[in-house]
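Generate the whole structure from the sequences, applying the supplied hints.
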Amino acid sequence: MVKDKRRRSSQVGLPPGTAIYVGERKPEKTRIWVLDYDKRQYIAKELEEVEECVKYKESAPMTWIRVVGLHQVEILERLGVCLGFHPLVVEDILNTTQRPKIEDYGEYLFIVIKNVSYDEDTLEVIAKQISIVLGSNFVVSLQETEEAIFEPILERIRNKRGKIRQMHSDYLAYALLDAIVDNYFSVIEKFSSKIELLEDELVEDPTQKTLNEIHRLKRDMIVLRKSIWPIREVISHLDRGQFSLINENTKIYIRDLYDHTIQVMETVETYRDMLSGMLDIYLSSVSNRMNEVMKVLTVITTIFIPLSLIAGIYGMNFQFMPELGIPWSYPVIIIVMIIIGVLMIAMFRKKKWL
Amino acid sequence: MVKDKRRRSSQVGLPPGTAIYVGERKPEKTRIWVLDYDKRQYIAKELEEVEECVKYKESAPMTWIRVVGLHQVEILERLGVCLGFHPLVVEDILNTTQRPKIEDYGEYLFIVIKNVSYDEDTLEVIAKQISIVLGSNFVVSLQETEEAIFEPILERIRNKRGKIRQMHSDYLAYALLDAIVDNYFSVIEKFSSKIELLEDELVEDPTQKTLNEIHRLKRDMIVLRKSIWPIREVISHLDRGQFSLINENTKIYIRDLYDHTIQVMETVETYRDMLSGMLDIYLSSVSNRMNEVMKVLTVITTIFIPLSLIAGIYGMNFQFMPELGIPWSYPVIIIVMIIIGVLMIAMFRKKKWL
Amino acid sequence: MVKDKRRRSSQVGLPPGTAIYVGERKPEKTRIWVLDYDKRQYIAKELEEVEECVKYKESAPMTWIRVVGLHQVEILERLGVCLGFHPLVVEDILNTTQRPKIEDYGEYLFIVIKNVSYDEDTLEVIAKQISIVLGSNFVVSLQETEEAIFEPILERIRNKRGKIRQMHSDYLAYALLDAIVDNYFSVIEKFSSKIELLEDELVEDPTQKTLNEIHRLKRDMIVLRKSIWPIREVISHLDRGQFSLINENTKIYIRDLYDHTIQVMETVETYRDMLSGMLDIYLSSVSNRMNEVMKVLTVITTIFIPLSLIAGIYGMNFQFMPELGIPWSYPVIIIVMIIIGVLMIAMFRKKKWL
Amino acid sequence: MVKDKRRRSSQVGLPPGTAIYVGERKPEKTRIWVLDYDKRQYIAKELEEVEECVKYKESAPMTWIRVVGLHQVEILERLGVCLGFHPLVVEDILNTTQRPKIEDYGEYLFIVIKNVSYDEDTLEVIAKQISIVLGSNFVVSLQETEEAIFEPILERIRNKRGKIRQMHSDYLAYALLDAIVDNYFSVIEKFSSKIELLEDELVEDPTQKTLNEIHRLKRDMIVLRKSIWPIREVISHLDRGQFSLINENTKIYIRDLYDHTIQVMETVETYRDMLSGMLDIYLSSVSNRMNEVMKVLTVITTIFIPLSLIAGIYGMNFQFMPELGIPWSYPVIIIVMIIIGVLMIAMFRKKKWL
Amino acid sequence: MVKDKRRRSSQVGLPPGTAIYVGERKPEKTRIWVLDYDKRQYIAKELEEVEECVKYKESAPMTWIRVVGLHQVEILERLGVCLGFHPLVVEDILNTTQRPKIEDYGEYLFIVIKNVSYDEDTLEVIAKQISIVLGSNFVVSLQETEEAIFEPILERIRNKRGKIRQMHSDYLAYALLDAIVDNYFSVIEKFSSKIELLEDELVEDPTQKTLNEIHRLKRDMIVLRKSIWPIREVISHLDRGQFSLINENTKIYIRDLYDHTIQVMETVETYRDMLSGMLDIYLSSVSNRMNEVMKVLTVITTIFIPLSLIAGIYGMNFQFMPELGIPWSYPVIIIVMIIIGVLMIAMFRKKKWL
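Chains as they are written, first to last, in the working numbering: chain A, 203 to 556; chain B, 203 to 556; chain C, 203 to 556; chain D, 203 to 556; chain E, 203 to 556.
Quick caveat, the hints were computed from the structure, so don't treat them as lab data. Treat the hints with care, as some may be off.
Copies of the same chain look alike in the list, so a pair counts if it fits in one copy or across any two.
The calculated lysine-lysine pairs, modelled on BS3-like cross-linking and capped at a C-alpha distance of 25 Å, are [to be verified]:
hint	residue 1	residue 2
1	Lys231	Lys330
2	Lys330	Lys392
3	Lys231	Lys396
4	Lys247	Lys231
5	Lys411	Lys554
6	Lys553	Lys411
7	Lys552	Lys411
8	Lys362	Lys241
9	Lys553	Lys259
10	Lys259	Lys362
11	Lys396	Lys411
12	Lys330	Lys396
13	Lys554	Lys257
14	Lys392	Lys554
15	Lys553	Lys247
16	Lys553	Lys257
17	Lys362	Lys247
Put into structure tokens, the structure is as follows:
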């Protein structure tokens with residue numbers, strides 16, 4: 203998360219609308235697929251030239267233009283020109299550190315959203331930007347890397363599953379957003395099991411590792427929270443905003459999606475609360491154990507130091523120590539020592555230190 | 203609570219409106235009871251076939267369709283079709299991880315709510331989803347497992363107690379919600395006595411067990427809070443929303459119910475505050491006791507270590523130590539040791555360490 | 203506070219409007235006084251029969267019906283019937299765990315409020331419910347136990363002090379609320395002196411008792427806060443709500459009352475802040491003192507343990523230890539020991555541990 | 203602050219509008235000055251009789267009546283009658299524990315505000331109430347004690363500095379409020395330097411005194427905050443409220459004043475944040491230093507205790523200990539001891555404890 | 203930050219509109235540049251006399267008057283007179299402790315904003331005030347010191363890059379604000395890398411220095427937050443306020459700028475959260491390490507103190523200690539000691555202390 207911010211400065215000082223890609227530069231080229239469909243027909247094709255997209259967009263059926271890979275700035279600028287996007291839109295698509303937002307440009311709605319994934323290697327939540335442009339009969343989705351999240355939607359379009367083939371572009375945009383929000387649930391579930399494991403660990407044997415793990419999870423929650431909060435605003439805006447592109451009968455789905463977003467948010471907040479609680483418990487446990495250690499130290503010291511003094515006294519080399527000559531004084535001293543030790547232990551028992 | 207989220211992912215990637223039951227699959231079949239009543243007559247019957255419900259629903263008297271068990275998806279889909287529910291409604295009924303909400307579908311209101319119970323074995327609060335569909339002359343209630351909470355309402359209908367037999371469907375829906383909210387009070391009371399016990403324990407003898415108990419109660423409060431907050435929204439919406447299905451004279455009851463919900467919420471918040479306070483006290487107590495332990499250790503060490511040094515000095519084997527030959531030097535040294543010890547104790551008394 | 207909730211569950215499962223008294227059952231009977239007054243005349247009388255109240259209520263002059271003791275449910279139900287109260291009103295009067303609220307029933311306003319007192323024996327804040335029903339020319343006040351708070355108002359009516367005898371029922375209701383809010387100031391002042399004492403104790407000699415006291419005061423603040431917050435809402439509602447029973451020239455008094463309520467609230471919040479601050483200081487002080495204890499332990503140990511080793515070495519019984527035979531080696535060793543001790547002390551002085 | 207509340211209870215039980223002074227009773231009498239001015243002329247006079255003020259008020263030029271000392275209740279009541287104030291206004295002027303507020307009485311605006319000063323002796327922030335009554339061509343200011351804050355305004359009126367002589371009563375009221383808010387800046391600056399000093403102390407050598415100082419400053423911030431928050435409301439109300447007495451061209455000054463109030467508030471909040479941060483740092487530092495102390499203790503103990511055991515073993519008096527007779531065993535043992543000590547030190551170095 | 207407040211008091215007691223410069227007095231004189239441009243032409247000139255600016259302002263093309271250095275009050279007062287500014291505007295320009303704000307003076311908008319920079323020497327965030335006055339065909343920018351942030355805009359105007367030469371004064375004002383907000387990103391990035399470094403340090407080897415660093419960063423975040431929050435308000439006001447000077451097609455850029463401001467704010471909040479989390483982790487780590495230290499101490503003490511007692515006992519000088527004469531008792535005792543030591547170690551292993 204911290205790293206994401208770093209790239210942002212490459213844009214400082216440039217005029218607004220300057221298209222600069224701030225993500226990592228990768229060797230693969232930007233790929234553009236077009237999906238043209240209505241109730242009856244269905245065409246899927248990868249474009250060779252950016253400019254072909256205009257033909258599909260203009261044609262009657264619904265068009266879904268899927269762009270993967272944002273590092274070839276020039277291709278994206280040409281795409282923007284073809285489809286008639288405002289320069290700020292192209293800038294925001296490429297500046298992948300954008301905050302999720304929705305902008306109404308009259309002829310189209312521009313939606314920026316974050317898709318999260320959990321990297322099992324670095325144990326970090328990664329938020330990738332996905333931009334969606336929703337026009338009257340087309341949807342353009344733009345993402346940095348190929349990911350599987352839109353696969354089920356492609357599947358449904360291909361196989362005519364659900365009613366997606368009969369609906370307008372707003373329903374497709376909803377479907378894309380729904381896929382992204384559903385993906386948050388998958389990521390959250392990974393944390394749910396991690397937190398459970400951590401809780402058991404906390405009760406049984408908390409270590410510095412447990413602490414670092416809590417810390418890392420708390421940071422992941424911050425990332426998730428930062429992604430999902432503005433998404434809630436975007437979807438709430440879609441529902442309540444007076445966008446002519448959103449039909450009334452799609453709104454019930456958007457409302458449902460809004461409820462899911464709230465659920466994600468609440469779960470993230472709940473996890474944050476739980477992790478904070480766990481940190482408190484951890485601190486208390488450490489204090490408790492230190493208390494135990496201190497008690498052991500004190501008990502041992504308190505029992506043996508006085509006995510050592512007694513032994514030390516009779517180890518002194520004074521010539522006139524009458525006790526030293528008495529035959530039964532050695533066993534008496536040993537018995538006295540034992541009695542003192544037993545009394546001390548009894549006292550500590552009473553104090554509940556043992 | 204953590205576990206509840208886990209099942210949610212089975213739905214990821216499916217088209218909206220797909221009915222999938224996310225709860226545990228249980229061997230018993232889904233059961234449907236119908237209660238048809240008005241001021242004079244009263245019919246109670248368990249349905250063999252789902253489709254029978256239409257007959258009762260269409261008939262003039264108020265109809266309460268009570269569905270218990272949600273794992274037979276196909277039966278619930280058929281029920282949804284019979285009663286003319288939107289596919290999203292059926293999906294939400296089966297997806298028992300829903301957040302409490304209210305949706306106006308014009309002809310009917312769809313209410314999702316959480317009923318809580320306290321499992322004495324696992325010492326956990328369990329929130330079970332109950333869905334209520336409120337039509338102009340029928341109410342459908344759907345719950346995962348048979349529970350006793352609606353028993354008093356059945357009793358009142360059967361015995362004509364109160365005015366429930368003279369009222370419309372909105373009053374029945376209110377009665378169901380009232381039963382659920384009242385149940386929160388029962389659960390909260392269990393916590394009230396637990397917290398009181400814990401407070402006494404905290405003052406008398408706080409242990410690691412006390413700490414774990416506080417932690418567990420805090421988590422239970424998070425669950426309760428997560429359930430009751432959206433219920434407040436639902437009931438507030440029922441009161442203030444312009445729903446044609448809610449009569450004006452039912453609103454005074456809903457307002458009363460709203461006050462109860464606020465009371466539950468405030469009690470939960472108060473308990474959270476108190477538990478946080480208890481955690482602070484626990485931490486302070488542990489610090490205090492460690493301080494006591496440290497003082498004992500320091501007192502013992504400070505008294506005996508210097509005396510041991512004296513004994514050690516006269517235990518040295520130098521040939522020319524004139525004191526060793528003097529007859530009264532042994533008792534003098536012992537007296538010096540006693541004086542040093544007494545002075546030390548006096549000093550610690552003054553420092554209030556003893 | 204925790205205990206208050208317990209009684210609430212006796213009502214679970216009953217139809218709304220069922221009158222059940224949830225407080226303690228006491229041997230004294232419910233007593234009802236009637237005060238009938240206008241500018242000229244003034245009648246005060248204790249009623250034998252509940253039904254007498256109707257006569258006074260119907261009569262032209264202002265009527266104040268004062269009910270003390272709520273455990274005789276049947277009497278209160280009869281009173282409710284006489285005065286034409288909605289069953290929910292009677293239920294709420296008896297259910298003394300209600301949250302302060304105001305309800306407009308058209309012909310009358312129903313106000314539930316909490317009066318607090320501080321029990322010097324149990325050191326707890328006790329919140330007792332007082333219900334006020336305000337009609338066009340009557341006010342009914344209902345309280346659990348006889349208390350002195352309304353005495354000054356009776357006094358003013360009796361002696362024609364202030365302008366209460368010339369005003370309408372809304373002014374009397376205002377006067378009752380004012381008496382209750384003023385009473386909060388009296389309770390708060392008790393805490394003010396307690397907190398001051400505690401602060402001095404905290405600086406001079408904080409003990410576990412101080413900690414428990416802070417904890418108890420924090421809990422009292424939670425109770426006070428829980429009572430005063432909804433009172434603020436009630437009074438704000440009285441001021442801004444469009445109640446036909448509240449005259450415009452009474453509003454200036456209600457606004458003044460509102461300011462007092464805010465002042466109580468802010469004082470309670472300030473005390474909460476101060477108590478939290480005191481807890482922090484307590485914890486810091488304990489840590490500080492532990493630090494002092496540890497330093498003493500470390501200084502003593504560090505000075506005497508090395509010296510003991512030296513003594514131990516010359517206490518070894520090797521036959522060939524040339525130093526032992528040298529006459530001046532004993533005083534030299536003693537001097538070396540003193541030098542080591544002095545150097546150690548100097549080092550600790552430099553480290554500011556002494 | 204705690205003490206301020208105490209006096210409030212003297213008013214409990216009295217009818218509203220009863221004028222009672224709750225501050226300290228002082229020997230000096232209440233003094234009233236009148237300032238009558240317009241563009242050309244300027245009269246300043248101390249009144250002998252309260253009733254004289256009417257003459258000035260009625261006269262055409264702007265009149266500023268300045269009252270100092272509130273303990274002569276009878277004089278203030280007479281003043282209230284002369285100027286036609288509502289009894290609640292007089293009550294609120296005398297009850298100097300009021301919360302800052304603004305009330306519109308139609309013919310005049312009544313403003314209660316708090317002026318703060320920092321008592322260098324008791325190291326406490328003191329908030330004194332100042333009341334301002336703003337009429338169409340007069341302003342009355344009432345304060346408990348003579349203070350210098352209005353001196354510059356008197357100066358400006360006397361010397362025709364600024365445009366105060368050409369403006370209406372609302373501008374004078376603004377000027378008074380501005381003087382009070384500006385005074386907050388002076389007080390805050392005292393804290394700014396105190397906090398800076400404290401921060402240096404915290405880094406260099408934090409002691410219990412530092413802790414007490416932080417605590418005291420936090421309390422002062424609570425007092426400041428409690429005074430400035432409602433002032434913000436008052437001034438915001440002045441700006442946005444539709445008061446006919448406030449001219450449009452004065453509003454730009456009030457808006458400026460509002461910005462200053464916000465700035466005071468933000469600074470107070472910032473200081474609170476900083477002081478909380480300092481408390482955290484203090485606690486961490488104490489823990490850190492305890493850690494250092496513990497390390498020293500552990501290092502000393504770990505090095506010398508094993509060596510003492512070796513010395514102890516060869517101090518045993520067994521008759522058959524062959525090593526004792528060997529000539530080089532003494533130096534060997536000493537060397538072994540040195541090696542053990544050096545190894546221990548090396549180990550602690552590696553552990554970074556030394 | 204603390205220091206900034208100090209200068210503010212020099213203004214207390216003066217009439218509003220008095221121009222006083224509260225910043226540091228520097229030897230360089232105030233410099234004024236004028237930039238006169240439209241689509242075709244472009245003139246840049248440094249003014250000798252303040253009054254020249256009028257000529258440029260009145261001329262048809264867009265005029266940007268850039269003022270650097272605010273300590274020559276008299277020059278700024280003359281500038282204010284020339285350009286027809288309200289005295290409060292000049293006062294606010296010179297009082298560089300202003301809170302960011304926007305004021306509509308009808309003919310011009312007055313914007314106060316803070317530009318931040320990070321001083322690598324003192325490791326402090328410094329917020330410098332920049333004032334912008336936006337008229338119908340001119341923009342005046344006033345700043346305390348020459349800084350590079352407006353350089354790229356000058357560059358764009360000079361080289362006709364972007365569309366700035368074709369736009370109105372509102373676009374130039376936007377460009378200036380955009381440059382300032384973009385600058386926040388640069389500053390934030392410096393912190394991002396610092397925080398990352400600190401996190402690694404925290405996991406590997408946290409010291410008192412780490413703590414001080416966290417503390418310093420937290421303070422910097424407070425400064426950043428205090429600057430960016432009101433900027434958000436200013437820009438939101440620019441977007442939503444009905445200012446006639448802001449054209450509709452500039453609003454899309456302002457909205458974009460608003461999103462950036464939110465992003466800065468969220469990042470600052472996130473860093474605050476992360477730093478708070480790091481402080482918690484630090485405290486936990488310190489506790490953990492103290493625990494480790496205590497364990498070592500306890501283990502050593504517990505093993506060696508009992509063994510020392512044994513050695514001490516056989517070092518006593520009683521004449522009748524039969525064991526002393528037995529030849530194998532010395533090795534037996536040594537073996538007993540080793541067994542005790544090994545058993546102790548085994549016990550600590552089991553307790554997981556070793």
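Regarding Lys247 and Lys231, is the shortest C-alpha distance of 25 Å or less found within a copy, between copies, in both, or in neither?
Result: close within a single copy only, 17 Å intra versus 48 Å inter.
Tell me, please, which holds for Lys392 and Lys554 at an alpha-carbon limit of 25 Å: within, between, both or neither?
neither (43 Å within a copy, 31 Å between copies)
Up to 25 Å CA-CA - Lys396 versus Lys330, copy category
both (22 Å within a copy, 24 Å between copies)
At most 25 Å between alpha carbons: which applies to Lys396 and Lys411, within, between, both or neither?
Both: 13 Å inside a copy, 23 Å across copies.
Go through the copies and call it for Lys552 and Lys411: within, between, both or neither, with a Cα cutoff of 25 Å.
Only across copies: Lys552 and Lys411 sit 20 Å apart there, 36 Å inside one copy, limit 25 Å.
As a check of your reading, is Lys362 near Lys247 (CA-CA no more than 25 Å) within one copy, between copies, both or neither?
within (18 Å within a copy, 41 Å between copies)
At most 25 Å between CA atoms: does that hold for Lys553 and Lys411 within a copy, between copies, both, or neither?
So Lys553 and Lys411 pass the 25 Å test across copies only (18 Å; inside, 34 Å).
Lys231 and Lys396: within-copy, between-copy, both or neither at 25 Å Cα:
Neither: 37 Å inside a copy, 34 Å across copies.
What label fits Lys553 with Lys247 when the C-alpha limit is 25 Å: within, between, both, or neither?
neither (81 Å within a copy, 64 Å between copies)
From the Cα coordinates, with 25 Å as the cut-off, is the pair Lys362 and Lys241 best called within, between, both, or neither?
Answer is within: at 8 Å inside a copy they meet the 25 Å cutoff, but 51 Å across does not.
Within, between, both or neither: Lys553, Lys257 at alpha-carbon 25 Å
Intra 87 Å, inter 71 Å, cutoff 25 Å: neither.
Same-copy or cross-copy closeness of Lys330 to Lys392 [CA-CA at most 25 Å]
Both, since 18 Å and 23 Å are each at most 25 Å.
Going down the numbered hints, you'll see the structure goes against 3, 9, 13, 14, 15 and 16, while the others check out.
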